[in-house]
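One-letter residues, chain by chain:
Protein chains: 2
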Amino acid sequence: MEFDLIARIRARAPTRHDVVLGIGDDAALLQVPEGRQLVVAMDTLNSGVHFPEGTAPVDIGWKSLAVNLSDLAAMGARPAWCTLSLSLPEADAAWIDGFLDGFLALAKEFDVALVGGDTTRGPLSVCVTAHGLVEPARALRRDGARVGDDVWVTGTLGDAAAALALLQRGEAVADALRVRLDRPVPRVAAGQALAGIAHACIDVSDGLLADLGHVCAASGVGAAVQVDRLPASPALSDMGVDDALRRQWQASGGDDYELCFSAAAASRHRIAQAMSDLQVSVRRIGSIVVGDGVDVLQADGARWRPSRPGYRHFSD
Amino acid sequence: MEFDLIARIRARAPTRHDVVLGIGDDAALLQVPEGRQLVVAMDTLNSGVHFPEGTAPVDIGWKSLAVNLSDLAAMGARPAWCTLSLSLPEADAAWIDGFLDGFLALAKEFDVALVGGDTTRGPLSVCVTAHGLVEPARALRRDGARVGDDVWVTGTLGDAAAALALLQRGEAVADALRVRLDRPVPRVAAGQALAGIAHACIDVSDGLLADLGHVCAASGVGAAVQVDRLPASPALSDMGVDDALRRQWQASGGDDYELCFSAAAASRHRIAQAMSDLQVSVRRIGSIVVGDGVDVLQADGARWRPSRPGYRHFSD
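Sequence order for the protein chains is A and B. Note that numbering that gives the first Met the number 0 gives residue 286 to position 287 of the first sequence, counting from 1, and the numbers run on in steps of one. Note that numbering that gives the first Met the number 0 gives residue 185 to position 186 of the second sequence, counting from 1, and the numbers run on in steps of one.
Derived from the structure by calculation, the hints contain no laboratory data. Computed from a predicted structure; not experimentally measured. A virtual CB, placed ideally from N, CA and C, is assigned to each residue, including glycine. Just so you know, not all the hints are guaranteed correct.
If you anchor each label on the Cβ, the simulated ranges turn out as follows [unchecked claim]:
| hint | chain 1 | residue 1 | chain 2 | residue 2 | range |
| --- | --- | --- | --- | --- | --- |
| 1 | B | Ala136 | A | Glu52 | 43 to 53 Å |
| 2 | A | Arg267 | B | Arg137 | 32 to 42 Å |
| 3 | B | Gln30 | A | Ala263 | 19 to 29 Å |
One chain only, chain A, in its complex shape (with noise of 0.2 Å):
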């Protein structure tokens, strides 16, 4: 059975031009070209766990490789190849073929070969580990923010955690919403752009502030972030709910797949520039300081409190 898997896999699996040798052997063979480095991430996406049970399997293929991508976004590499690793409960070729439209459409869009991986029985899990390619010393990092830096957020954040709360509580959520918790885009142009630029980089998955909090502690600084000036989505603001709930989404929410990074303020000229070549919205929402840890200030310079801390969670 785990044969008619892999070939279904195999018969789908966009390749390239460097890779030597694909799906079929006991590993593949890549060439990396000279004068590149190889950036790796690896994330498991759970049932129950990452996305609720019964989502469709096209999400839960489009997710498990965006969220690797995003990570080679966030250090601003050029995604390359891939490998999956599928546990499923039973041999199902419908499930497999609509996680493979998710899967590969995204591989697709950013030239990703799925080079390799297996199949095996066990509750369902992905696990996809990316590998793409950098040139030396330009990858972000997350160690390199410096005081009087600028802090810097792509796109829009909360839109994701507040589809994830209105289908926690049974409620309708509007398409703008959902598609960014089922389909997030990772940000591998505008990472790419900012490789060279930005001085640490991190992407936004567990929320903004615990994520800025990684590159603080790893840069051994502290952040001062202006809640109001947090990007919303129209669909997020129009959802009419208060204040206090939407910033919480924005600054707390996670699975927003938005890059967090820092720059002289110097770039910033040159970093709206890149951006709008690349039609990415950039917003500056703070700067680095002495100290550690993330302050978020409200307009009048008071500091502002989520009602919930930073997404704390055994799982990532």
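Chain B: place on chain A using the hints.
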């Protein structure tokens, strides 16, 4: 809780000079040496499928890396880096410590750096991606077997299958057999020594006949194997089981993690010498023939048939 677990893993993770950035960022950053191709293997072990529930964490740790290094060995690659995704029902520091004892003992033995991954909540499952390096055109593939080649196997076959059969019947298992099931040692040095000599290679994970069958299918050839020539360990020979059962374990048992390879008859002496230098036993068990599939022959030339056909399963 996740951060505690990651910190626990990070504190013990071995590194290497070519790891630019290991655990702790969005992704690992690795320096692939010039003149080497990248070899990537990914295998998952699920509780109750790939190891019995209640298996000691130290053994799960060892085996989860071993099966991946065995895939690299079968490609003739030198191991370099790995990533680990660990799904656990609950954060359990003692379990993690035991797991790492096994995982890192093997990583240290083969100079493998643990550079990233994630920890998630979910049913017990371990997914590992192993990265190795090989010189171009020297990788051992499945598709290179040629008619007239000898078929060889390293070490001995059937110990792990015998141990599993005894365990499943609740009988006592000799340590020499048990260790082959719980702590397989990947044939890393042998694989590297065979790169550039062997025409085709695979590691024996699903059982000799099934795996040699993969080589035949990929290469467009058949194989004829002498069942009397399948190597047995003293522990297996001393069990006192009848020949039919022992042969079945050897031919179809799985979990051996030996290398099965084909090579020109002209390479016999070179192979014997190379394996002798490494103190790895090796035996010629048959030859590559025109046709497809694997024929297993008895000493009298009659066809030998296992009472249970090749290890067919959904899982890996």
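Do the hints match the structure? See the list:
1. B:Ala136 - A:Glu52: 43 to 53 Å: holds, 48 Å
2. A:Arg267 - B:Arg137: 32 to 42 Å: 51 Å Cβ-Cβ, so the 32 to 42 Å window is violated.
3. B:Gln30 - A:Ala263: 19 to 29 Å: For Gln30 of chain B and Ala263 of chain A the Cβ distance comes to about 27 Å; the hint holds.
Checked against the numbered hints given earlier, the structure breaks only hint 2 and satisfies all the rest.
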